[in-house]
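Chemist: Sequence:
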Amino acid sequence: MIGWRINVSDSGDTRTTGDPAGTTDRSHRTVIVAAVITGAATVLAAVIASAIAGSTSPKAPAAAAPPASERASERASDTPRPVQSLPSAPPPPAPSPTAARIMAGPDSAAVGATVTITGHGFAAGEQVRITFNGTYGSSLDLRDVTAGADGGFAAEVKVPSDSVNSDQPQSFEVRGLDSDKRADTPFHITG
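Residue 139 in my numbering sits at position 129 of the sequence shown, and the numbers go up by one each step.
Hints are supplied without guarantee of correctness; some may be wrong.
Computed cross-link-like contacts, DMTMM-like style, restricted to lysine to aspartate or glutamate with a CA-CA straight-line distance of at most 20 Å [said to hold, decoys possible]: (1) K168 x D151; (2) K168 x D154; (3) K168 x D117; (4) K168 x D194; (5) K168 x E183.
Hints listed in this document are in silico derivations from the structure and should not be mistaken for laboratory results.
Throw the hints in and build the complete structure from the sequences for me.
Modeler: This is how it looks when you write it as structure tokens:
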């Protein structure tokens with residue numbers, strides 16, 4: 011049996027030669043292996059692209075184009091349709107300009123330290139109760155203050171004794187005694 015091979019030179023020209031022994035040199039094997047790998051990678055890329063597009067098998071090419079009316083119905087059936095529509099949640103409401111808000115300064119301190127609690131959004135002259143929410147659900151009313159004409163207040167409180175450096179949440183909370191408006195701010199008792 012006579013073998014044939016294609017020689018590719020560095021200059022880019024190709025020649026077909028007969029090789030009665032059927033042997034090829036290493037550079038030709040490399041070219042063949044590279045061509046096989048490239049072909050396999052191309053097929054793999056097509057399969058992956060098809061899977062991503064939602065198709066499980068490649069479609070055979072059509073012999074002739076169907077009429078326009080059939081093409082429109084095919085496009086409609088090829089269009090992915092949602093199996094279930096999730097209800098869209100409305101965006102959270104924007105904070106009301108009259109919502110109660112507070113801030114603790116500083117937002118962490120040692121037991122016995124003085125912290126200034128400032129707040130606004132209450133009715134003018136309303137009594138506001140300041141409470142410390144400690145670890146494990148403990149709650150301690152610290153003092154009542156009166157909101158000013160603008161509905162705001164500022165008051166100093168002492169950090170109560172609670173678990174120091176606890177991983178449990180701690181916070182200051184205020185509540186308007188007439189309006190029942192509430193606000194809180196995180197706080198951490200340090201060692």
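Chemist: Indicate, hint by hint, whether the structure satisfies it.
Modeler: Evaluation of the provided hints:
1. With a C-alpha separation of about 12 Å, the suggested pair K168 and D151 falls inside the 20 Å cut-off, and the hint holds.
2. Of the supplied pair hints, the one linking K168 and D154 holds, its CA atoms being roughly 13 Å apart against a limit of 20 Å.
3. Restraint check for K168 and D117: the C-alpha separation of about 13 Å stays at or below 20 Å, so the hint holds.
4. As the CA atoms of K168 and D194 are separated by approximately 17 Å, the hinted pair is consistent with the 20 Å bound.
5. Between K168 and E183, the direct Cα distance comes to roughly 14 Å. Compliance with the 20 Å bound is thereby established for this hinted pair.
Of the numbered hints given earlier, the model fails none.
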